[in-house]
Amino acid sequence: YVQVRYNRLLETNPSLKSEHDKSIGDKTGFLIRRARLVFSGNVHERVFIYIQPDLASTPSGSSTIHFAQLRDAYFDLSLDKKKEFRLRVGQSKVPYGFENMQSSQNRLTLDRNDALNSAVPNERDLGVFFYWAPDKIRKRFSYLVSNGLKGSGDYGVFGLGIYNGQTANKPEANNNQHVVARFSYPLALKSGQIIEPGIQAYNGSYTVTPDQLSSNKIFGGTFNDRRVAGSLVVYPQPFGFQTEYNIGKGPQYDPETLSIQLKTLKGGYAQAMYLLKVKDQILIPFVKAQYYEGGKKTELDARYSKTYETEIGVEWQPIPAFELATQYTITNRTTKDGRALNNHQFGNLLRLQAQFNF
Amino acid sequence: YVQVRYNRLLETNPSLKSEHDKSIGDKTGFLIRRARLVFSGNVHERVFIYIQPDLASTPSGSSTIHFAQLRDAYFDLSLDKKKEFRLRVGQSKVPYGFENMQSSQNRLTLDRNDALNSAVPNERDLGVFFYWAPDKIRKRFSYLVSNGLKGSGDYGVFGLGIYNGQTANKPEANNNQHVVARFSYPLALKSGQIIEPGIQAYNGSYTVTPDQLSSNKIFGGTFNDRRVAGSLVVYPQPFGFQTEYNIGKGPQYDPETLSIQLKTLKGGYAQAMYLLKVKDQILIPFVKAQYYEGGKKTELDARYSKTYETEIGVEWQPIPAFELATQYTITNRTTKDGRALNNHQFGNLLRLQAQFNF
Amino acid sequence: YVQVRYNRLLETNPSLKSEHDKSIGDKTGFLIRRARLVFSGNVHERVFIYIQPDLASTPSGSSTIHFAQLRDAYFDLSLDKKKEFRLRVGQSKVPYGFENMQSSQNRLTLDRNDALNSAVPNERDLGVFFYWAPDKIRKRFSYLVSNGLKGSGDYGVFGLGIYNGQTANKPEANNNQHVVARFSYPLALKSGQIIEPGIQAYNGSYTVTPDQLSSNKIFGGTFNDRRVAGSLVVYPQPFGFQTEYNIGKGPQYDPETLSIQLKTLKGGYAQAMYLLKVKDQILIPFVKAQYYEGGKKTELDARYSKTYETEIGVEWQPIPAFELATQYTITNRTTKDGRALNNHQFGNLLRLQAQFNF
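Protein chains in written order, with our numbering: chain A, 6 to 363; chain B, 6 to 363; chain C, 6 to 363.
The shape of chain A in the complex, shown without the other chains (with noise of 0.2 angstroms):
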């Protein structure tokens, strides 16, 4: 899938930024967030892979953008004849968090909330993980993606990984791996209702490296990295709602210090939203409002991050090959890092996202 985004109008403050999005902010336009193909298929009756690149990446450090990079890379190979238990390798995404699972072909909100996706950057790191779902429950994850309900997926009701930690497409820079283990059960009620609870947390060492300090005067390092989340979700049959919350430590830029430290983090979001179907078209309005105050630890100097932020917005589905989102958005973000000690931005804008599905 393809998504092209204008975010221009209506904007209140050409300072705010965003690191989920870059063309937010002054001197942007048109920009494509993700352009993404698939390769996968199963070559073997035990053996699934899937292979999925992004065109429009950018190496670090260049100053042209639309390069090819890997999102997923793995392998499915499975235990048994019914594929419940399956052992996943390469790289794919971290089960941490729902939304962080939830494809963004699939999410309404045009970028996932700061509080969990802060935990896994680009949602993927390389390891070894392990998945368990009865093959009941792999197929009612299986209809809350395809009949619209924008579901996760199948990331087993029970998942345990081994992986790096440093996030997807960066190479590993301690000797420690991380562990993350999590349980997530779609009950579906008696009146057809699914309802999803879920609960994960993971602990390793995340180191900042070099080429993510703002001077020499700072130190980078390896620090303690653990957080734990709960989750639910209603899907919307027609009426949903999807709330997350997660604690934990990591490392954060202290601007008294001017260093680096390990501190606590906070934060979460709750989301509501309306499936509408008129004749073959699909209408669905939302309002989300999130939180989050802690470090970021894959950025500048793991840049502190106080941030709150509400979207009100419509994903309008015309025909299944393309969706149009609007949403407007009303943000308050604090940031400090050591190239900006104490940098706080408020403003408001519209944003628009053409995405083409195949």
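Hints should not be assumed to be uniformly reliable.
When chains are identical, the list treats them as one kind, so a pair holds in a single copy or across two.
[Unchecked claim] Restricting the straight-line Cα-Cα distance to at most 27 angstroms, the calculated cross-link-like pairs of lysine-lysine (DSS-like) are:
no., residue 1, residue 2
1, Lys268, Lys88
2, Lys144, Lys282
3, Lys254, Lys32
4, Lys284, Lys87
5, Lys222, Lys32
6, Lys268, Lys254
Keep in mind that the hints were calculated from the coordinates and are not lab data.
Given the coordinates of chain A, work out where chains B and C should sit on it, guided by the hints.
Below, chains B and C without anything else, positioned relative to chain A:
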């Protein structure tokens, strides 16, 4: 398709270089000029996707080559059932100039003319384009390509676009969008001959970015960037003729003030060719003369460039999957930028290209 | 195919590093060593194309990884109907050494031997190659791969090539082309056993480019680069044996004069293996000993390198789509360059690789 080149035969001046082809001149050899794969198709009766990465691209700042970078990533959204009205969203060719629209797979000379190509190097940009052509003319555009008459493909009888303006695979660098309009009509004479006159123009702001500057004594900044061009194509049935000319204004290095100034530019080309069918083989001898004087906005310091060039060559297509092109180039180029205040090079060379179509 | 590795088991010396595999040694973890997609086919009865990007490549100077870069992009143009005489144009393997020709998918040890691979790191270059093999022998080359006998594929009984010589994905840096010739014949004995002796040699000029130098006190420049090698392969039916050795000259860091000099180099390897079929599963234990002393032209300051290494391992293929290889490596490496004048490392480690074939 893939193009492999060797340019060092009968070379009279190894200091002669070209921005179009990095394998011209001293210390060069074989070159993969283009290696392109196309992923395209109708994903819905109203939606056509086209994704074309090039596998012979280099990230800026990298000494290793042959990375995959997007050329095209767009979607045609048809507004009517006959697909006469289309919106094209994403990165695609900017409708400015016939030769710019023509695929390199179909072009006779190894490189495009400087005069019109300097308007949109790489021919593409990111934005939204509207195209209109009557069904009958859409079929004619298609016929001109599929019958080997070296057509441009279908960029509408009328085209109108809004785009970033920093050229393909570069992020937007100002708050202004470029606007382009084009009108081009392939007239079928009673004799069967097809003649296509065209006119096009664009206007916008181009920002000379810091990574384009030769030193910190030269300042970039945002400049007006506008041009108007006329085109005339007589398709080779069997004798063909093609000419284009444009004038405009844009950023240009000025060696007197050692700064970049807004200056006028002008130039064009004329080309004659003859399509010869010998049994199943095709042979097309051609001659082209081109002239350009003006700035090259995307190059070092928006380099001043004056080019006189004559190309005499022949394209030989023994089988549809394979073409061999050879051309003798007589060139006279003067460039001026902060690194070389007056670089005048004259020389001849014989160039070879093997092209594989798939 | 995709290969995922973990190399940190039973590691005795974390300072031990390898140019072949960046996940050996301190501060490393899981690694995607190769992720390759092949686009190939006959686009005409006389034209075969082969395009293979690798999705686990890193642009020089980038701290982010997993970008798509070309490995192969070539075309076979058959000169006769039986395809006994072929011209291969583009970037492809340089016919020098049996193990270099053998795909990593088929090789038993996790990395190639230093002695012959240092002649053409990445095994490929850009140029034109001529291959000849009788139809009967072409079928035998094919049989040796498809029947799991770990053949090299068809690089002709006789091969002759002209190529840039700076190795794959590097631009040409001098005015000289490399020339290579190879002769290799798979003899079928009456017993059914197949034995393939081979001989190969190349000559050219290699330029040590500025980006390869450790400081501006060391000078690069253009050096003669030539080698000759002998090969002998006894295919595993079920017992196999394989040995290669080469001598030559090339650029090499000299710690006495702190400069790069033209020096001699020599080295080779011997390997024994046994192919065991247990029901539908395949098990191949192997042992390999290798030695090399000489320069590594593409590395920092054309680094001096002396390697003694023994590898003992087993490849297990429970299903055709999945292979697990494990090897215990005993290694003794001395390297000398401008940054580390005498770096001597000795150590053992256990390496694991999961490979998925598709």
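Evaluated hints:
{"no.": "1", "hint": "Lys268 with Lys88", "verdict": "neither (41 angstroms within a copy, 58 angstroms between copies)"}
{"no.": "2", "hint": "Lys144 with Lys282", "verdict": "within (24 angstroms within a copy, 38 angstroms between copies)"}
{"no.": "3", "hint": "Lys254 with Lys32", "verdict": "between (35 angstroms within a copy, 22 angstroms between copies)"}
{"no.": "4", "hint": "Lys284 with Lys87", "verdict": "between (38 angstroms within a copy, 23 angstroms between copies)"}
{"no.": "5", "hint": "Lys222 with Lys32", "verdict": "between (30 angstroms within a copy, 23 angstroms between copies)"}
{"no.": "6", "hint": "Lys268 with Lys254", "verdict": "within (5 angstroms within a copy, 55 angstroms between copies)"}
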